[in-house]
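*Asks:* The primary structure of each chain is shown beneath.
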Amino acid sequence: MAAVKVLEVTSPGPLTTLQDLGRFGFGQYGVAQSGAVDSFSLRVGNRLVGNGENEAGLEMTLAGPALIALREIAIAVTGADIQPQINGIPIPMWRSLIMRKGDRLSFKGIRSGLRAYLTVGGGINAEIVLESRSTNLGARFGGLSGRPLMKGDILSAHTPHPHLKTEGTALPFQRIPSHIPDVTLRVIFGPHQHHFGPEMLSIFQQADYGVTEQLDRTGIRLTGPSIKEKAGLKTSIISEGVVSGAIQIPGDGQPIIILGETVTGGYRKIATVISADLHRLGQLRPGNKVRFMAVPQDKARIALEKLETIIRSVKGSRHSGRRQ
Amino acid sequence: MLYEKPIYRLMGDRSLLVELGDEIHMAVHERVRRLFLAVKQASLETLLDAVPGYCSLLLVFDPLTTTSDQIRKTINDLFHNLDEFELPEPANIEIPVVYGGKYGPDLPWVAKYHKTTPENIISRHTQNGYHVYMIGFIPGFSYMGELPETLETPRKKTPRTTVPRGSVGLAQKQTGIYPARSPGGWQIIGRTPLDLFDPSKNRPSLLEMGDRVRFCRISEEEMSHWLR
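These protein sequence lines map, in sequence, to chains D and X. Per our numbering, the first sequence starts with residue 1, numbered consecutively. Per our numbering, the second sequence starts with residue 325, numbered consecutively.
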C-alpha cells in the first residue's frame, strides 16, 4: 500500500509538528510519550475524515501553516479556533471538507486556545519510530525526521480516495469545545499530597493561577500563591516517573503542569489532572487563568466515559482502533 | 530504607506509583528492578507503560479498561512471589571516554574542588564500577552511581544551556552521560564517542537499568576510531 502525495507546505507556521496519540512502552529508556497535547481534537479530527483515531495529524501552534493540495483529499480542522480558509474563503472547523487539486489551505490565526489540528483522510504518512509517528522534538526523532514542518515539505497519505465520502461529517455544534480564558481543571490529589499541610491543600484548591509565557510541550509554568511543602522536607525528591497532567511544586512554590514530553522528574506532585481534562491543557495560553478542583476517582471515570461517548458519536469513522 | 511492602500512590486516574523504598540504595534498586522485570514478563494488557525510578515503579494504565485497584491487586500478587523471580545477570558495559580539555571543561574545577589533580580525578572515575540506577530526563540518559566521596561533586550553580552529546558528567553521588545535546547542570569531565540512544533500534538505549558500567580512558586520536 503505497502512500501518495497529498499536500505541499508553502509556509510552515511558527511550530507545526506531526503527532498521533503518542508513544507508549518506552519509559524505561527515558522516552516520553509525546503525541497530540489536545488528544480530543486529534481523535475527533481523525474520525471526521474516516481515519483510525491514532493516525497522525498536524499539530499547529498559535498560527497555522499554508498548504496546497496535490490531489483531491478529505480534511478536517479541529482544536483551537484558527480561522481556516480555502482559497481565501473561510471554511468551518470540526467538519470533513474536500480540497481539490491546487486548492490552498491557510489560516488567519488562533483567536482562542493554542493548538489546532489538521487531519487528512488516509492519515498523514511518516515512518513509525518506536511504535509511533509522533514527533519527539527534544530528541529529534519521529514525525518528519524529528523536526517541525518546513517550507517545501511534501505530505503523503495512504489511499486518501475512499475517505472523500466522509464529506460533510461534523461534530454537532453543541459538542464543540469553547476555549475560554478561565479554566477549572479537575484533579485527583497525589501522589505527594501528604507532603503538604491542610492550609496548602486549601490554597491550592482556592487560588487562581495565571498561565505564564513559560509554556511548551514539556510543561506549563503557572504563577500565583506559593505552595510550600511541610517544614523539614527537602525541596526536591528522588527522581521518579511522571505522567502528563502531574502538577509539580518546585522550590519557588509556583506550580508546573507536566505535559507529554517529560518522562521523569525530581519535584513532588501535589495533584494530577484527570484524564477527561488533559486535552484542555493543550489549549491553555499565557494570560489564561486556572483553578483546580479535587474530585474522587469515580467522578474522574464518569467524566472520562462522558468524553468518550462524545468522541465515539462522531460518525465519519470506519475504524475505532484506539490507543491510550 | 527498603519497605516491607509497597506503598501505592495514585498519580491521577491513569497511573499508580509503587514506592518500594525511600533512598538511593542498591537494595531498593534491586527490588525496583525485580518488580519491573516481573511486570514486563507478566505483559499485562491493560498496562501502557512501566517507568522505573530510583525507588519506585510508575505504572501507566488505560482507565477505561482497568482500575487502580485492579493494578494494585496484580502488583501485590507479583510482589509476594518476587523472590522466586529469577533476575537476569546485568550486562557489563565499558564506556570509552576522552577526559579533560575541550571534552571535559569542568575537570580542572572538579580537581580543585577535591584539592587534587585532574589525573587523580580521572583515575578515581575509571577505577570504580557503576550501576545504572535508572534512565530518564531525556531519552537514554543514565543515572549511575554511586560515586566515592572523593568524586562527589555539587552540580554547577548555573546550568549550561547546551551540553554536547556524549558528555560525561558528575552530580552529587551520581555520574551520567548526555546521549544528545541538551541543557544540563552536571560537571562535565569528558566525552564518549559511543552512540547512547538510537531510536531506530527496538532497544533504543545502549544502557539499561541494572547494567554495570566501567569507564576507560582513551585519547583524542582513539576517539576517531569509534566515530563512523
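Keep in mind that the hints were calculated from the coordinates and are not lab data. Warning: the hint list may mix true and false statements.
Unchecked claim - Here are the simulated lysine-lysine pairs, DSBU-like style, with alpha carbons at most 35 angstroms apart:
#, chain 1, residue 1, chain 2, residue 2
1, D, K230, X, K329
2, D, K234, X, K480
3, X, K439, X, K397
4, D, K299, X, K397
5, X, K525, D, K234
As the list claims (entries may be wrong) - Interface residues of chain X toward chain D, partial, derived using beta-carbon atoms under 7 angstroms:
#, residue
6, L382
7, I459
8, R484
9, P528
Stated by the list, open to error - One side of the interface only, derived from the structure: several residues of chain X facing chain D at Cβ under 8 angstroms:
#, residue
10, D337
11, I348
12, A374
13, V384
14, L388
15, M458
16, Y467
17, G469
18, M533
Source: prediction; values computed, not measured. Using N, Cα and C, we set each Cβ at its ideal position, and we do this for glycine too.
*Asks:* Hints first: check each against the structure and report whether it holds.
*Replies:* Checked hints:
no.: 1; hint: D/K230 / X/K329; verdict: holds (25 angstroms)
no.: 2; hint: D/K234 / X/K480; verdict: holds (19 angstroms)
no.: 3; hint: X/K439 / X/K397; verdict: violated (53 angstroms)
no.: 4; hint: D/K299 / X/K397; verdict: holds (22 angstroms)
no.: 5; hint: X/K525 / D/K234; verdict: violated (39 angstroms)
no.: 6; hint: L382; verdict: holds (3 angstroms)
no.: 7; hint: I459; verdict: holds (4 angstroms)
no.: 8; hint: R484; verdict: violated (16 angstroms)
no.: 9; hint: P528; verdict: holds (5 angstroms)
no.: 10; hint: D337; verdict: holds (4 angstroms)
no.: 11; hint: I348; verdict: holds (6 angstroms)
no.: 12; hint: A374; verdict: holds (7 angstroms)
no.: 13; hint: V384; verdict: holds (6 angstroms)
no.: 14; hint: L388; verdict: holds (7 angstroms)
no.: 15; hint: M458; verdict: holds (7 angstroms)
no.: 16; hint: Y467; verdict: holds (7 angstroms)
no.: 17; hint: G469; verdict: violated (12 angstroms)
no.: 18; hint: M533; verdict: holds (6 angstroms)
In this structure, the earlier hints numbered 3, 5, 8 and 17 are contradicted, and the remaining ones agree with it.
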